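S.K.: What follows is the residue order along each chain.
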Amino acid sequence: MKRDIILAGVGGQGILTIATLIGYAAVDRGLQLKQAEVHGMSQRGGDVQSHLRLSDRVIHSDLIPEGRADLIISVEPMESLRYTSFLAPDGWLIANKKPFVNIPNYPDFEAVWKQVEDLPRSILIDADKMAREVASARAMNIVMLGTSSPFLPFEPTELEHAIEFIFARKGEQVVTQNLAAFRAGRAFAEERNLAMH
Amino acid sequence: MKRMLLLGDEAIAQGALDAGLSGVYAYPGTPSTEITEYIQRSKEARERGVHSNWSTNEKTAMESALGMSYAGKRAMSCMKHVGLNVAADGFVNAGITGANGGLLVVVADDPSMHSSQNEQDSRFYGKFAMIPVLEPSNQQECYLAAQYGFDLSEKYGTPVMLRITTRLAHSRAGVECADPRPENDLTLPTDKRQFVLLPAIARRNYQSLLGKQAAFEEEAEASPLNSYEDAADTSLGIIACGIAYNYVMENYPEGCPHPVLKIGQYPVPRAMVKRMLESCARVLILEEGAPMIEEQIRGLMDETYSISGRLDGVVPRAGELNPNIVAKALTMEVQPGMPQPELVQPRPPELCKGCPHIDSYNALNEALKELDPGRVFSDIGCYTLGALAPFHSINTCVDMGASITMAKGAADAGLFPAVAVIGDSTFTHSGMTGLLDAIIENTPITVMIVDNETTGMTGGQTSAARGRLEDICKGLGVAEDHILVVEPIRKNHEQNVALIKQELYHRGVSVIIERRECVQTAVVSIKLNKEKAAKEAEA
Chain A
1 MKRDIILAGV GGQGILTIAT LIGYAAVDRG LQLKQAEVHG MSQRGGDVQS HLRLSDRVIH
61 SDLIPEGRAD LIISVEPMES LRYTSFLAPD GWLIANKKPF VNIPNYPDFE AVWKQVEDLP
121 RSILIDADKM AREVASARAM NIVMLGTSSP FLPFEPTELE HAIEFIFARK GEQVVTQNLA
181 AFRAGRAFAE ERNLAMH
Chain B
1 MKRMLLLGDE AIAQGALDAG LSGVYAYPGT PSTEITEYIQ RSKEARERGV HSNWSTNEKT
61 AMESALGMSY AGKRAMSCMK HVGLNVAADG FVNAGITGAN GGLLVVVADD PSMHSSQNEQ
121 DSRFYGKFAM IPVLEPSNQQ ECYLAAQYGF DLSEKYGTPV MLRITTRLAH SRAGVECADP
181 RPENDLTLPT DKRQFVLLPA IARRNYQSLL GKQAAFEEEA EASPLNSYED AADTSLGIIA
241 CGIAYNYVME NYPEGCPHPV LKIGQYPVPR AMVKRMLESC ARVLILEEGA PMIEEQIRGL
301 MDETYSISGR LDGVVPRAGE LNPNIVAKAL TMEVQPGMPQ PELVQPRPPE LCKGCPHIDS
361 YNALNEALKE LDPGRVFSDI GCYTLGALAP FHSINTCVDM GASITMAKGA ADAGLFPAVA
421 VIGDSTFTHS GMTGLLDAII ENTPITVMIV DNETTGMTGG QTSAARGRLE DICKGLGVAE
481 DHILVVEPIR KNHEQNVALI KQELYHRGVS VIIERRECVQ TAVVSIKLNK EKAAKEAEA
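As you go down the protein sequences, you meet chains A and B in turn.
Every letter in the first sequence is one number past the one before it in my numbering, and letter 38, counting from 1, is 38.
Every letter in the second sequence is one number past the one before it in my numbering, and letter 115, counting from 1, is 115.
Don't read these hints as lab results, they were simulated from the structure.
Being a predicted model, the structure only gives us computed values, none of them experimental.
One or more of the hints may lead you astray.
List of simulated lysine-lysine pairs, DSBU-like, C-alpha gap at most 30 angstroms [claimed, not checked]:
1) B:Lys43 x A:Lys170
2) B:Lys328 x A:Lys2
3) A:Lys97 x B:Lys353
4) B:Lys527 x A:Lys98
5) B:Lys328 x A:Lys170
6) B:Lys2 x A:Lys2
7) A:Lys129 x B:Lys353
8) A:Lys170 x B:Lys353
Start from the sequences and build out the full structure, keeping to the hints where you can.
M.R.: So, in structure tokens, the structure goes:
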């Protein structure tokens, strides 16, 4: 078993929280894990990515080779497309629909969405909207984790346990909201019968 | 034994703590910052009283660590690669004085310049200072290298460099930790003149350092960080340094069919290299950084062996390695996924929404509007982003502190007005001495200190300048009526523009302190205050 995952977004959007939660579940399960992050200058509103590798065997490289990622999870639609060269032929791309516009030449939204939807295996979800409906706008990244969860080698309870543990110090309300966001995101994928086969 | 999920940086920090560290000295710099931050957050470090406050710059950090080593305790100094340029005087001479308590100099290089001005390879500095260099290949080795490095340092009475690169510094993995061992007691050097580098003593110490070189190489030959993994197919041999080893193994999931020499400790173990050169038809050298070993093996004109690497183009001359580059160098086929769609646009970093530097640059741009462009010398920090759209405000960014000194040089050449833009933390790091030069000659420059009351780019570390800027400027000798403090907010725009304009034409040194807290740290302090207030309300 191995899962090579590219997490993508814009600095400050919370991709490292997704990585932390998956990492927690992986350690709990006794899996090997390597997770390369971007710190420093790019965190100031630039494009950021994290390479997250899970395996039941030794993981050598901290970076995922091109053409080998099983999943791209992106909290921003254009950013999801930045890393398509990493995606394996049978890999899935899961992107949040809401564009984060902080550059003057951001492409046409419809064109970006179409590009994502035209991929053979992709999911486009308005995670911002869903997060607002079931929790708060800030739980967008946890909706994304929920939608991606059927593609991860964990039972939903294992990730929920991670959410409970990681958010515990922020109070019960934050835990409840994030659990709701996670379940809503997961339901979105399940209703469409989406999972890695 | 406990298992922890740690960044390479954090593994070094935990390793050093468990190896009996008494103090870490550092100035923040990507990708090295998290080493010191980890120790600052560590409960055990606090309980033991391990020193971990930030130093003013890498030179003061290096020298303080040397002082702690002089007193017999284990000390560590951490910096990014270009920080070692700042610390170089103390670093190289520490090779000559030698160490008393274990002394580890941790340098995090940034090949591909993710957050840096160059991609210099610190292993050259280690060779230059003639001290052992460790280059772990993974997080577990980072952890082990700390204790191993301290032991090596104490065994030979020498500083030891621990070199990592960005991808290891900022990548997380499971690490097995050992039980901690006690710190050293305070013990001064037996020879009370060992650290007095008067020529006669320095010559003696230098002979002693030269005398240790053979032993350093023997240590490398036997090091747990170096290994010769033999294999049947000797049509190719691979020398892989540091994390390059991982990229080789990634490409051979069932094991490498060729002999692999993994190098994680220097000086270069020549016997191991010789074995590879003599048993393999061709040798590929993979180094995360400059072609240091490759140049050494090639020599000036030796063509005895068939060698590939960065110098013959088999590996790109610049930039970090990755699994694909290594696969290509091994003549394997790489099958990338779909190319990036054309509609994807670059997304460069930018100043945060509400950042005080935005207001500072808007005012400066307007004040300079009537003048020819090209007169703003800037520095290293978030405000370097003022070079990009929409500001295009600055014309230089070279090294810590170079804004003031370059403005001075240009003013000496006749450029008037000339402006320096420097952050508060960068100013205390390396700007103050340059300002003194300008004051001594009454050079007509306008120095804008963009004071966001923190070290912003690296994540909001305490700035040595906080609460001291006016006093420092006064103390250096700036005329009091030319030390002006303004608040960069939109509502003050007109008056700030007028004030900058007025100071631009002053025929001497003037300092404008643009003071408003970084929006990132402001959010954190608001949160902390709220929590504090809530706690007090409960009590």
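S.K.: Could you check the structure against the hints above and give me the numbers of any it violates, in ascending order?
M.R.: Going through the list in order, the structure violates hint 5 alone and respects the others.
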